[in-house]
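Peer 1: So the protein sequences, as listed, match chains H and D. To convert, note that position 21 of the first sequence is 21 in the working numbering; the numbers rise steadily by one, no gaps. Throughout, the working numbering is defined as the position within the second sequence, counted from one, plus 1000.
Treat the hints loosely; a few may be bogus.
Unchecked claim - The calculated label-pair distances, taken between Cβ atoms and stated as ranges, are:
{"id": "1", "chain 1": "D", "residue 1": "ALA1286", "chain 2": "H", "residue 2": "LYS236", "range": "33 to 39 Å"}
{"id": "2", "chain 1": "H", "residue 1": "VAL355", "chain 2": "D", "residue 2": "SER1350", "range": "49 to 55 Å"}
{"id": "3", "chain 1": "H", "residue 1": "GLU38", "chain 2": "D", "residue 2": "LEU1093", "range": "50 to 56 Å"}
{"id": "4", "chain 1": "D", "residue 1": "ARG1338", "chain 2": "H", "residue 2": "GLU37", "range": "58 to 64 Å"}
{"id": "5", "chain 1": "D", "residue 1": "ALA1267", "chain 2": "H", "residue 2": "VAL355", "range": "28 to 34 Å"}
{"id": "6", "chain 1": "H", "residue 1": "LYS236", "chain 2": "D", "residue 2": "GLU1342", "range": "40 to 46 Å"}
{"id": "7", "chain 1": "D", "residue 1": "GLU1274", "chain 2": "H", "residue 2": "ALA271", "range": "47 to 53 Å"}
{"id": "8", "chain 1": "D", "residue 1": "GLU1274", "chain 2": "H", "residue 2": "ASP334", "range": "28 to 34 Å"}
I should point out that these hints are in silico values taken from the structure, not numbers from a laboratory. On a predicted model such as this, the values are computed, not experimentally measured, just so you know. Note that the Cβ used here is the ideal one computed from N, Cα and C, for glycine as well.
Number of protein chains: 2
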Amino acid sequence: MPGDVGQMVEGERDALLEELSEFLRMPSVSAEERPEEEFRGCAEWVAEKLREAGAEASIMETAGNPVVYAEVGSGEKTLLSYGHYDVQPPDPLELWETDPFGPTVRDGSMFARGIADDKGDVMARIQALRLYREAHGEPPFKLKFLIEGEEEVGSPNLAPFVRDNAGLLQADACLWEGAMTDDAGRPLIFCGTKGMAYVELRAKGASHDLHSMYGGIAPNPAWRLVQALRTIKDEKGGLTLDGLAELAEEPTQAELAAIAEIPFDDAALRASWEVDSLDRGLTGEAALREYLLRPTANIAGIQGGYTGPGSKTIVPSEAFVKMDFRLVAGQHPDEVVRLIREHLVRRGLSDVEVVDLHGVETAKTPVDAPVVRQAVEAWEDVGSAEPVVYPTIGGSGPTALFTNELGVPTIMTGCVVNPESRIHSPNESARVEDYLAAVCYFAAFFERFGGSRGADDER
Amino acid sequence: MPGDVGQMVEGERDALLEELSEFLRMPSVSAEERPEEEFRGCAEWVAEKLREAGAEASIMETAGNPVVYAEVGSGEKTLLSYGHYDVQPPDPLELWETDPFGPTVRDGSMFARGIADDKGDVMARIQALRLYREAHGEPPFKLKFLIEGEEEVGSPNLAPFVRDNAGLLQADACLWEGAMTDDAGRPLIFCGTKGMAYVELRAKGASHDLHSMYGGIAPNPAWRLVQALRTIKDEKGGLTLDGLAELAEEPTQAELAAIAEIPFDDAALRASWEVDSLDRGLTGEAALREYLLRPTANIAGIQGGYTGPGSKTIVPSEAFVKMDFRLVAGQHPDEVVRLIREHLVRRGLSDVEVVDLHGVETAKTPVDAPVVRQAVEAWEDVGSAEPVVYPTIGGSGPTALFTNELGVPTIMTGCVVNPESRIHSPNESARVEDYLAAVCYFAAFFERFGGSRGADDER
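Whenever a hint applies, use it, and build me the whole structure from the sequences.
Peer 2: Given below as structure tokens:
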């Protein structure tokens, strides 16, 4: 019974948090050139935790960081749990109040790189499995874990892995990475992810930086990027990439209905970001639709010339901008990269190089799928505030491998993360109570999924 | 006689170059936070060299790095020599083939930060004085040296110094920093400098970097900068800052005549920069007029978000662009900063902060001033290729303090620098033969200025 797990969590509180902290101390930053043994060591540690929780776990090789795979329980139905043990780079380091790899509790929250994305979630599910087994015995369904080590660099080796192991990974439903609470503390359930085209636009000028006395006649690659970027958004910030809007599929009626139900509080979002207004002054449902239903052209980073202290007056020799285009159904990343190239060529900007860094497909699970209902019911079982179903999330992940290629309904649920968690940013955190509640929630979800509590999928 | 100095230079060749190298080994980077003693030590070393050359030299205090002042000779006329012992930052360090502060000779050129801007020039004049005195005795005119240590950060303390010492610095003419040869090896003589408004535009988004899932609704400061920049140049690269063109004074007929005489080789410039075309496809006299007669809006550096290896998908919390606007007569830097602010406010971009980092006034000396003729004649005396008179140079300096405030005709002449010298860039260099020729040239100029050779000013 979930009540039992709740008491067990309370009783083991310190040990659960210490186990999580051990995980967070490993600097598994996949974007950095770190010794391969560090990633392997982290994977081995996760596998050992799965074994301690009663699963059969193994390390499976890929062309990159290894995958942790585990199985436990048996029955007609199969649940797959996806997560990742790698984390984003911690920089800018100087903005962290405490060591990103030295988890620290302050004001009821634990601060560490990866606690919110995605180590907290991975650990909560493993601990939930252990406590579920201690309370109820073997799960009456097959539970599979797939935990990869390259999600934060775009999961370059997950697709071949999934294709090579399509049989092994078959399931009736998949729990993707965890979701989050909204500003009012309501748990969110996400039924899809946006696609993404991640590109770098690069411009070149002279073969070396020039004295800026030549600023009037020397090609300036930073200005060249501005000339390219100004064609991708109009002066009001509207996206103007040729052909992008035309590719988008219309949202379904069920999705629009779900969106109309979402209690979206843009004032709380603004307060949490400390901004006076959202982009282009968006508010309310207009902002929500923009967030969930429309593509983006985000500048994730831009760099060119001298940006240190004091003055250095040069015409830079090169400049680049890193951009992620978040995509909706119908907009395939390869096609979008082609659109970007054609868009620039059409405007005489063919000298601006478009480097295709990686692409992620859009994924959608129907908002009325059985697994969505089970996720909602599990929230009710643990007495949480009314959960909210989002048709999709603004972020991306390799979810389409499961929804589109394996045909497994896939959702995100379970809330280690809150709106203040600063995922991908300095001082990433999660509330300790949310973490412990997530352990209880996943145990309750396992009960719902196995049908040992409440109605079955067909009710 | 210059011939004598020429022979002396040949005889002392190694010693002259070693003395120069000693100067270049001092990392007097004024933009960096270095110990004050390093700058003072460099200034003391320069003063000692001036004493060895026969001048009375002293260190004079400012609110920043000290100034070296020296006097030698006597007579009716006075010549002032201005230079600076500080240098630009050496970064990006990884692009240097040899230590920027370890001068190295390769293929007939010496590579070191500052050899071209401006230590080579400073040293050549001091050595020219010593050899002139050895050949001819005391100069029959008063020669004053002013060598500051903050030129590369915009000479923040030179204006009060000049105003406080206006009497001391009075002169009939001033030799500013050295000029350069053109691509065909012709020595150039510059009669003015452009003004400059150096600003930083800063934009802010959320109080912390956000996951770029919010890219469609979060304010993105990098995009905000693009929105600001696109109003400063049009889509063809033309400068569109409100009111800037209107401030410019018309060039004089003498200036236009001088420009028509300049053998400007844009093909050589493109070859040296390794670019297919100049900005906006400019060529020939149109490029030359743009270079010498028009203001610029140069992006010297731009930075925002994650620009490291791999991918990090964030909406940056802040972004900035460093810009130098090079100005022509009539465009005063304070006024231009005001124009930039008003321009942005007028377009609803008042949230983009304009930080006024420093300003430099435009300076002009008539192209037919006596000192220009003496500079030309001295080139003829040393048997150099036909010198070319430029009404102005694209670069800036605190020249206006002398031309406008003290009323001293001021030019740049003497060619340590060549078009491949990469001033302000990695692998800054000067040809060894050009350096030694500059020593001879300055000695010849002292003869012309003193009237001991050729006609006097009034011929």
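Peer 1: Against each hint, give a clear statement of whether it holds in the structure.
Peer 2: Verification of the supplied hints:
no.: 1; hint: ALA1286(D) with LYS236(H): 33 to 39 Å; result: 35 Å, holds
no.: 2; hint: VAL355(H) with SER1350(D): 49 to 55 Å; result: 35 Å, violated
no.: 3; hint: GLU38(H) with LEU1093(D): 50 to 56 Å; result: 29 Å, violated
no.: 4; hint: ARG1338(D) with GLU37(H): 58 to 64 Å; result: 59 Å, holds
no.: 5; hint: ALA1267(D) with VAL355(H): 28 to 34 Å; result: 31 Å, holds
no.: 6; hint: LYS236(H) with GLU1342(D): 40 to 46 Å; result: 21 Å, violated
no.: 7; hint: GLU1274(D) with ALA271(H): 47 to 53 Å; result: 51 Å, holds
no.: 8; hint: GLU1274(D) with ASP334(H): 28 to 34 Å; result: 33 Å, holds
Violated hints, listed in ascending order, are 2, 3, 6; each of the other numbered hints is respected by the structure.
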